[in-house]
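**Student:** Residues per chain are reported as follows:
Protein chains: 2
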Amino acid sequence: MNQLILSKAGSDVQMIPEVANHLISSGGKRLRPMLTLAAASLFDYRGENHVKLATSVEFMHTATLLHDDVVDESDLRRGKSTARMIWGNQASVLVGDFLLGQAFRMMVDVGSLDALDVLSSAACVIAEGEVLQLSVAKNMETTEDDYLSVIRAKTAALFAAAAEVGPIVAEAGRSGRNALKSYGMNLGLAFQLVDDALDYGGKAADLGKNVGDDFREGKITLPVILAYRRGTEDERAFWRDAIEAGNSSDANLEKALGLITKYGTLSDTIGRAVHYGTIARDALAPLPDTVWKSALMEVIDFCIERVN
Amino acid sequence: MNQLILSKAGSDVQMIPEVANHLISSGGKRLRPMLTLAAASLFDYRGENHVKLATSVEFMHTATLLHDDVVDESDLRRGKSTARMIWGNQASVLVGDFLLGQAFRMMVDVGSLDALDVLSSAACVIAEGEVLQLSVAKNMETTEDDYLSVIRAKTAALFAAAAEVGPIVAEAGRSGRNALKSYGMNLGLAFQLVDDALDYGGKAADLGKNVGDDFREGKITLPVILAYRRGTEDERAFWRDAIEAGNSSDANLEKALGLITKYGTLSDTIGRAVHYGTIARDALAPLPDTVWKSALMEVIDFCIERVN
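Protein chains in written order, with the numbering used here: chain A, 15 to 322; chain C, 15 to 322.
Chain A on its own, in the form it takes in the complex (with noise of 0.2 Å):
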């Protein structure tokens, strides 16, 4: 899959290949991907489409990771310079655009109209979190259910499609495909959930961009949310001018800290993503004990064992 990655990344227009594996060869996770080969594997296939829809899958990730840094004006991406910091948003938004094509033509090669559907679904779905997630910033009313409606659509569809498409290629029944689409699905909302945590907990070096940029972008997740609701009103003031009036200095950002501290809302993001944590553990938990399974099960953990 690295392999094919790499190769589907080539152009002969030289600036392609540069923007697309700076980030492509950046050390991502490649968890997407990896949930397509086991999800696959898991059902016994043994072609090499599952290959293929693979690299769509990552190939529709980095797209929508190119795109977002445009959209988020970010300058840091996985502790390196953002590809729009270098080559500027020009290429970050072209190069994007290639990917996805990329992606579509590889899902054509493998020729699965039930492939393609869940995949374009996903593409569109993901679009549409990413506007909402627009509409929804510097809005402090967002309540915890807006911002599950986001984090659905702009990241655990991907996984959903992801995992789905393994017995799809797989030519599993129904019920092979639901579960692994509620494994996806679930998973994909602890994993941003988790990820969400990490932006005011974690370390800039681990985290590979820096502490609190939700923060300073008025990105509005749950452990603010929670914060801002249990607050008093005084500190509700204080989340209102920090993300609506974009107040967001240093000095903001340690005040913000401290009272997600005070309330407990990073331990109680975490609480949530085990939550669902748990309902991916479930919706596998039918399948046969192979090592697929066992695999897949890791994921979990390692999604939220992450935040340690």
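Source of the hints: derived by calculation from the structure; they are not laboratory data.
Note that the structure is predicted; figures quoted are calculated from it, not measured.
Glycine residues also receive a C-beta, built at the ideal position from the N, C-alpha and C atoms.
Any given hint might turn out to be false.
[Unchecked claim] Pairwise CB distance ranges, derived in the manner of DEER restraints: (1) A:N153 <-> C:T275: 46 to 56 Å; (2) C:S95 <-> A:S40: 33 to 43 Å; (3) A:S95 <-> C:T246: 39 to 49 Å.
[Unchecked claim] Pairs of lysine-lysine residues, derived as DSBU-like cross-links and limited to a Cα-Cα distance of at most 35 Å, are as follows: (4) A:K43 <-> A:K269; (5) A:K43 <-> A:K94; (6) C:K233 <-> A:K94; (7) C:K307 <-> C:K94; (8) A:K94 <-> C:K152; (9) C:K43 <-> C:K152; (10) C:K94 <-> C:K43; (11) C:K94 <-> A:K152; (12) C:K269 <-> C:K94.
[Claimed, not checked] Derived coverage of chain C by chain A (criterion: at least 3 residues anywhere in the stretch with Cβ under 8 Å from a Cβ of chain A; other residues may be distant): (13) 23 to 34; (14) 81 to 91; (15) 109 to 118; (16) 146 to 157.
Fit chain C to the supplied structure of chain A, relying on the hints for placement.
**Tutor:** Same frame as chain A, now just chain C:
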């Protein structure tokens, strides 16, 4: 098709139809999707799937425009403020991604792997063409051949794909596909040549954009390539200063227009467009004379004559 375009631009996320309809309802010519409809009818297609593929084509085009406006930092498109000026770069990038996702969903819904292959390949080539355009920008050594490679990829490839999926959905044979692909490719080249001439020779009110936008962006198009190559040493130094060093003041635009007139490069650019138009015409020649063939022939004249 217009109904389907409006309905598929819908989403529960309110900002999506707002941004999408701003562009979709801004008086675009629907030229590319009409090629799909006419090309399918030319091969006597009687179903409904050509409408879905035509809508996919228009969405691919609209997504490209939304991303282009971000890439070019444009403020005016079809005589209206660009989406990025009203809703920001973020919404332009993400709604473009959404429309591209919807385009693929509709293709999947049609279920033709051949059509999916043609259109997903076009999506890659378009992005490659846009990146290629970035890498030749502000380089006065760009040759006419380099320029042709750019416009073949960024513009003509979608015209070719739009026309080719007509015979595909009508289950016509290989020679029909090749004829329409060749027609579309050459029509697309003619279209872009005229577009690039209009940028120096049109009126803002007719263009829906500002005269000289390409000049100010340092885009290398044929009217400039020819004027540079035919110019004196002093004139070439002027072009390098204006385009490569970015001294694109109104006075310099006036001077550039003077040189373009001096060397007759607008009419020679149109001459090249006429050449490709003739190839497009001959590509269709062997096909039976029907109202659909006449319509496709008229499109060639329309594309070339809008210069007057």
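**Student:** With reference to the structure, classify each hint as holding or not holding.
**Tutor:** Hint-by-hint comparison with the structure:
| no. | hint | in the structure |
| --- | --- | --- |
| 1 | A:N153 <-> C:T275: 46 to 56 Å | 55 Å, holds |
| 2 | C:S95 <-> A:S40: 33 to 43 Å | 37 Å, holds |
| 3 | A:S95 <-> C:T246: 39 to 49 Å | 43 Å, holds |
| 4 | A:K43 <-> A:K269 | 33 Å, holds |
| 5 | A:K43 <-> A:K94 | 15 Å, holds |
| 6 | C:K233 <-> A:K94 | 31 Å, holds |
| 7 | C:K307 <-> C:K94 | 34 Å, holds |
| 8 | A:K94 <-> C:K152 | 28 Å, holds |
| 9 | C:K43 <-> C:K152 | 30 Å, holds |
| 10 | C:K94 <-> C:K43 | 15 Å, holds |
| 11 | C:K94 <-> A:K152 | 28 Å, holds |
| 12 | C:K269 <-> C:K94 | 28 Å, holds |
| 13 | 23 to 34 | holds (count 6) |
| 14 | 81 to 91 | holds (count 3) |
| 15 | 109 to 118 | holds (count 7) |
| 16 | 146 to 157 | holds (count 3) |
In summary, this structure violates none of the numbered hints.
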